[in-house]
Amino acid sequence: MEEKVLELLSNEYPEIDFAASDALVDDGILDSLTITGIIALLTMEFGIVIPYEEIVEENFNSVNALAKMVERLQG
Amino acid sequence: MSFTSFFFFIFLVLLLLVYFHVPERMRWVVLLIASIIFYATWGWEKLPFIMLLAWIAWVAGSMIGLRYSKAADGDKEELKKARQYGRIVATVAVILLLALLMYVKVGTLLVKSLSLEGGVSIIVPLGISYYTFSLIGYVLDCYWRKEQYEKNYFKLLLFASYFPKVLQGPIVKYRELEPQLVAVHRYDYRNLCYGLQLMLWGYFKKLVIADRLAIFVNTVYGDYHHKSGSMLLVATIFGAFQLYCDFSGCMDIAAGFSEIIGIKLDRNFNHPFFSESTAEFWRRWHITLGVWFKDYVYMPISVAPRMMKLMGKVRKRFGMSAAKNVSTIIALSVVWILTGLWHGTGLNYVVWGIYWGVLIILGMLLGPSLGKLCVKLHINTDSREWHLFRKFRTFCLFVISRFMTIPGDFKVTLEVWRKIFSIKFYPWELVDGTIFNMGLNRPNFVAAILFLVLLYFVSRHEENGESGRDWIAQKQIVPRWVIYYGLLFTILIFGIYGPGYNASDFVYMKF
Numbered sequence: 001m002e003e004k005v006l007e008l009l010s011n012e013y014p015e016i017d018f019a020a021s022d023a024l025v026d027d028g029i030l031d032s033l034t035i036t037g038i039i040a041l042l043t044m045e046f047g048i049v050i051p052y053e054e055i056v057e058e059n060f061n062s063v064n065a066l067a068k069m070v071e072r073l074q075g
Numbered sequence: 001m002s003f004t005s006f007f008f009f010i011f012l013v014l015l016l017l018v019y020f021h022v023p024e025r026m027r028w029v030v031l032l033i034a035s036i037i038f039y040a041t042w043g044w045e046k047l048p049f050i051m052l053l054a055w056i057a058w059v060a061g062s063m064i065g066l067r068y069s070k071a072a073d074g075d076k077e078e079l080k081k082a083r084q085y086g087r088i089v090a091t092v093a094v095i096l097l098l099a100l101l102m103y104v105k106v107g108t109l110l111v112k113s114l115s116l117e118g119g120v121s122i123i124v125p126l127g128i129s130y131y132t133f134s135l136i137g138y139v140l141d142c143y144w145r146k147e148q149y150e151k152n153y154f155k156l157l158l159f160a161s162y163f164p165k166v167l168q169g170p171i172v173k174y175r176e177l178e179p180q181l182v183a184v185h186r187y188d189y190r191n192l193c194y195g196l197q198l199m200l201w202g203y204f205k206k207l208v209i210a211d212r213l214a215i216f217v218n219t220v221y222g223d224y225h226h227k228s229g230s231m232l233l234v235a236t237i238f239g240a241f242q243l244y245c246d247f248s249g250c251m252d253i254a255a256g257f258s259e260i261i262g263i264k265l266d267r268n269f270n271h272p273f274f275s276e277s278t279a280e281f282w283r284r285w286h287i288t289l290g291v292w293f294k295d296y297v298y299m300p301i302s303v304a305p306r307m308m309k310l311m312g313k314v315r316k317r318f319g320m321s322a323a324k325n326v327s328t329i330i331a332l333s334v335v336w337i338l339t340g341l342w343h344g345t346g347l348n349y350v351v352w353g354i355y356w357g358v359l360i361i362l363g364m365l366l367g368p369s370l371g372k373l374c375v376k377l378h379i380n381t382d383s384r385e386w387h388l389f390r391k392f393r394t395f396c397l398f399v400i401s402r403f404m405t406i407p408g409d410f411k412v413t414l415e416v417w418r419k420i421f422s423i424k425f426y427p428w429e430l431v432d433g434t435i436f437n438m439g440l441n442r443p444n445f446v447a448a449i450l451f452l453v454l455l456y457f458v459s460r461h462e463e464n465g466e467s468g469r470d471w472i473a474q475k476q477i478v479p480r481w482v483i484y485y486g487l488l489f490t491i492l493i494f495g496i497y498g499p500g501y502n503a504s505d506f507v508y509m510k511f
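So the protein lines, in turn, are chains A and B. Under the numbering used here, the first residue of the first sequence is numbered 1, with each subsequent residue one higher. Under the numbering used here, the first residue of the second sequence is numbered 1, with each subsequent residue one higher.
One or more of the hints may lead you astray.
Said to hold, decoys possible - With a Cα cut of at most 27 Å, we get these calculated DSSO-like pairs of lysine-lysine:
1. B/K294 / B/K146
2. B/K313 / B/K151
3. B/K264 / B/K173
4. A/K68 / B/K146
5. B/K76 / B/K155
6. B/K376 / B/K411
7. B/K80 / A/K68
8. B/K376 / B/K391
9. B/K70 / B/K81
10. B/K294 / B/K80
11. B/K46 / B/K151
12. B/K76 / B/K376
13. A/K68 / A/K4
14. B/K173 / B/K316
15. B/K46 / B/K146
16. A/K68 / B/K309
17. B/K80 / B/K173
18. B/K46 / A/K4
19. B/K155 / B/K173
20. B/K309 / B/K264
21. B/K391 / A/K68
22. B/K80 / B/K309
23. A/K4 / B/K316
24. B/K81 / B/K46
25. A/K68 / B/K76
26. B/K294 / A/K68
27. B/K313 / A/K4
28. B/K70 / A/K68
29. B/K81 / B/K146
30. B/K70 / B/K151
Unchecked claim - From the derived model, a few chain B residues whose C-beta atoms are all more than 10 Å from chain A:
31. S69
32. T91
33. H185
34. R190
35. L233
36. E385
If you're looking for bench data, these hints aren't it; they were derived computationally from the structure. From the three backbone atoms N, C-alpha and C, an ideal C-beta is built for every residue, glycine too.
Using the sequences and the accompanying hints, generate a full structural model.
In structure tokens form, the structure reads like this:
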């Protein structure tokens, strides 16, 4: 799942090195525009609904955290 | 009791003495009592109103929190039910809080416009927008499970009414402020020095710069029919600096006093006049209001299931980039119309909100194309001149927005623009001495300019990542105290005081 998410994000945002950081939000690499784009992408690709309570820094700080969130919401 | 009144200093000294001498577990109670006394000095009749607002938020937060607690050990269905229950409670609470806010905002406007002064009065609690927004944020965060509900009503009341931030913000999140309010803080000499420094700097910005510039602005705009376009232009530029110094000065005073106790308030300004785009400007100006709108309006709209469906349709036909743009345009439009209405209900504020919304949306949409255009035109976007141009352009756009808000009426705005872009500009008034007859005589006018230059150098120093406060703290005791006394006497000598040595009110307090 992690690889799939990384590929998806890297294709959509080639200017961002998602694998390089595990503090993507905390370090200011992802702004609110990018975060909403990522949410849309994950929602459409994986057919999930991301509740607003899931939209917290911890879930968006790394590809690993994003992949875990997707898995959790799929299950 | 304003931050600039003499009694406020006595109040602060007494509060610090009491706070650091009562038993540690009672210290948050001292802050609550102080906050209530502070608010009551603006009128006792306002207290039940703000206590009611806090009570609504407390009841809603408790109901939502308790329901989630029950569902914690249950299955997914239980959690779903708890979420539905939370949605209903949160919706009712937010509607009630907004209704009370509208009662104050629109009610006041109605009383004024219908001339119902005789017998009809609306209680107008100061800083009601900041207060209500803090509580709405708390309720929604309880619903979204980003916040643990508060069991003690009085602790929630303290969070909402904590006096340094109650008049003009910052709009703080409950989970960030409440632990600090109830924590045990002990007297700390460094906190005292740093806090006093920040307060002094805030008073300097407010009393020496903002209130001095306000004289010019009020003189010109108070009689705009008989003033030239050039004077109106200078007054509006001064109005831009006045608002910054007034608002950020108040924030420095609030944050400085909190720092003496050991409580850190969120930063509301980060040298906005160094911004190179409108989007960056609003990340540096009134930061906590922007964060509030981002967290409670922009993000919920952007990620709502309906928006996702719409984005899916747009993506199929036009691609992902178009889908993202549609979502952002819709969410930003709502945010900026609401931000305009938050500032005021007149047409000028609606236009003001649309103005900023359009600028930010255009910046987002055209940014990549403009970048390519710069490459084609061989513009060195890394050059100092280019950065300076971008900063100047952003400042000009801010000044244009001040044309919409200073007069308070859009008809006046249009008349002012007509004067600026017509023969009535009278540019010679800038150099023939007329400018010194606008409330500020020559020495006061020159002083205002010199103080703005000082503000620029201090801001630039901090913008470069160097802390002015650390720089002062590292000095030997003699030069350090020379700086402190210098700033203090500058405030005492050059500050603008009205009757009874009380300065004018802060601009954003009426919100």
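Worksheet item: Within 27 Å, alpha carbon to alpha carbon, are A/K68 and B/K76?
Response: Status holds; Cα separation ~18 Å.
Worksheet item: Holds or violated: B/K309 with B/K264, Cα cutoff 27 Å?
Response: violated, 41 Å
Fill in: Restraint status (C-alpha distance of B/K80 to B/K309 at most 27 Å)
holds, 21 Å
Practice prompt. Compare the distance between the alpha carbons of A/K4 and B/K316 with 27 Å, and conclude whether the hinted pair is satisfied.
Written response: holds, 21 Å
Worksheet item: Does B/K70 pair with B/K151 here, judged by a C-alpha cut-off of 27 Å?
Response: holds, 15 Å
Fill in: Restraint status (C-alpha distance of B/K81 to B/K146 at most 27 Å)
OK: B/K81 and B/K146 at ~18 Å, within 27 Å.
Item to complete: Mind checking the alpha carbons of A/K68 and B/K309 for me, to see if they're no more than 27 Å apart?
Response: holds, 23 Å
Discussion item. Need the status of pair B/K81, B/K46: alpha-carbon distance at most 27 Å?
Written reply: violated, 38 Å
Practice prompt. With a cut-off of 27 Å on the C-alpha distance, tell me whether B/K76 and B/K376 pass.
Written response: Violated. B/K76 to B/K376 sits at ~57 Å, over the 27 Å cutoff.
Discussion item. For B/K155 and B/K173, compute the direct alpha-carbon distance and say whether it is at most 27 Å.
Written reply: Judged against 27 Å, a Cα distance of about 14 Å means the pair holds.
Worksheet item: Taken at face value, is the distance from the CA of B/K173 to the CA of B/K264 at most 27 Å?
Response: Given that 27 Å is the threshold and the Cα spacing comes to 12 Å, the pair holds.
Fill in: Non-interface claim for B/T91, where every Cβ of chain A lies beyond 10 Å
holds, 14 Å
The structure is inconsistent with the numbered hints 2, 5, 6, 12, 14, 15, 18, 20, 21, 24, although it conforms to all the rest.
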